[in-house]
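Let the sequences and hints guide you as you build the complete structure.
Residue numbers (full-length UniProt numbering), protein chains in the order written: chain A, 1 to 317; chain B, 1 to 317.
Calculated directly from the structure, the hints in this document are not laboratory data. Since no wrong hints were added, every one of them can be taken at face value.
All copies of an identical chain are treated as equivalent in the list; a pair is satisfied when it fits inside any one copy or across any two copies.
Taking lysine-lysine and the DSSO-like style, the derived pairs with C-alpha atoms no more than 27 Å apart in a straight line are: (1) Lys262 / Lys172; (2) Lys55 / Lys172; (3) Lys174 / Lys55.
All figures in this text were calculated on a predicted structure; none of them were measured in a lab.
There are 2 protein chains.
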Amino acid sequence: MAASGFVYKLIPLVRGRLRGRTSCPARIPVRAFSCTASRSQLHSVEGTGGPLAGKVDRFGGVTVNLADIGLPADISECLFSTLLQESLVQWKAEGKVAVWLRVPISLSRCAAAASTHGFTFHHATHDHAVLSLWLGEGESRLPGFATHQVGVAGAVVDESNGKVLVVQDRNKTKNAWKFPGGLSDPGENIGVTAVREVFEETGVRSEFRSLLSIRQQHNHPGAFGMSDMYIICRLSPLTYDINFCTQECLRCEWLDLAELAKTNDTTPITSRVARLLLHGLERGFGEIDLSMEELPAVYSGMFYQLYHRQLPPTSKS
Amino acid sequence: MAASGFVYKLIPLVRGRLRGRTSCPARIPVRAFSCTASRSQLHSVEGTGGPLAGKVDRFGGVTVNLADIGLPADISECLFSTLLQESLVQWKAEGKVAVWLRVPISLSRCAAAASTHGFTFHHATHDHAVLSLWLGEGESRLPGFATHQVGVAGAVVDESNGKVLVVQDRNKTKNAWKFPGGLSDPGENIGVTAVREVFEETGVRSEFRSLLSIRQQHNHPGAFGMSDMYIICRLSPLTYDINFCTQECLRCEWLDLAELAKTNDTTPITSRVARLLLHGLERGFGEIDLSMEELPAVYSGMFYQLYHRQLPPTSKS
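Quick look at the structure:
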């Protein structure tokens, strides 16, 4: 069904409703969308049903973008609920397995209406929310949304003297030495985050060498209850003068790796990575590194980053 | 300000409004929350202003949970917009740097009202959305929401014969051998996902050994435009009989690692990891593994998983 057909059907309905009085949801102190009156009105005005205009995907789901189907800006929860109800009947009859609703923030009242039909938020960002409803058999097989934030720290190692760049956070109760770092921006590669955060916190410029460790932690208080992936990279310094951010850091120093590996004034992970780095200094960083390679992504023409242990030179690459 | 105080202030306002006629937003074909009339009404009834009841965090942000402050279930966009506007004036005067609104899905119309004051969706899940507005100087310093989904595949290696468990997806154009895997459920550890997905797809039970490779990819079509972290683990088989899921897989076999490493009927990453595993079979898996250790999280009493190269036995652990 074309979007224009939907608009044609809807506009006279809304105009008719606005002229009436009994169906105005704001006049009755109940949930605004419990409106059987409006539903009969809908049928009397229009006569024919038909689903909201959506796109069907290869999994048998239908996606309706409420910004694209010509809904009046002031459509009521009541009326949208009725339209959605009729669409759901038809989608179920057609064997659709799921419905996705993309709701612009200005039409958020449609999300409330949809929730009375079982829709829940799948995700929301900036100016729109996406709701979903599973219509298929058994448990929902819909994929979830992003579950992890990614934090990256950079261990900048000066190989000439065995020192590493460390900071103490300003706003922590315990003044523990740690590697500078922070959250990845959306779409930012791990190594880029490490180099950026090191520079922002310490003023030291560096370049990415390898990935050293990964920590996974759930129900993270700094991640709105979601999961946190915290990655420590090995970096090489390009500059050495410290000019640290006094908003974020209390101290910033080039510290002996051996000292960092044995002090109690640090975090367990920092201590662990310090020992890894000491081992790397002595035996070669090849012992501790996951090296990175960029490979082309088949579908997008973009590149992805792949990290793993270096293959021996005798292997085909 | 206590939530009960807010309720006291609001209820008579709403009742007064419902008795009137001109301010019913459903009656005027304009954006429902452009209602200066209602605002003057607010002042005439109440006389005193006061912010929505919220909690102040250590960063100077205020969080208002709309489910906790006694809003009437049928509060209009117009009235909420007016209340929010007055609160914003006060929060700005108090030097608050940010406002977070937690909006139950049934009160979604309040999200539309908030958007007219500059609020945007920070995230949404299941039955509520969270909106945010930066009031501080310069660019927003609010942390973002989760950016990555995590997919995990398991390479189950039978060390007795050098074979590895591989599948071909049912719904792909190219029938490439790959390791069974899928998306992590919320709160699920990497190794648990690998073992679960291998069993669901192939019927083979296995146990986690190590982490082998990590891929980071942005704007991922299967991740609603977000980023994807794809992790391959090494697993050891506990059972060997294949009973694969015909919904997901076209084929499932124990394949020679040497054959997988040289065939073209696979993906670049699978091929790469097959060569890593061959190297591990010959020289010991210690050459290719990131081993995992559980450590206690300081703040939560929970544990996190840390992956890095095994430290040599001579190091303190």
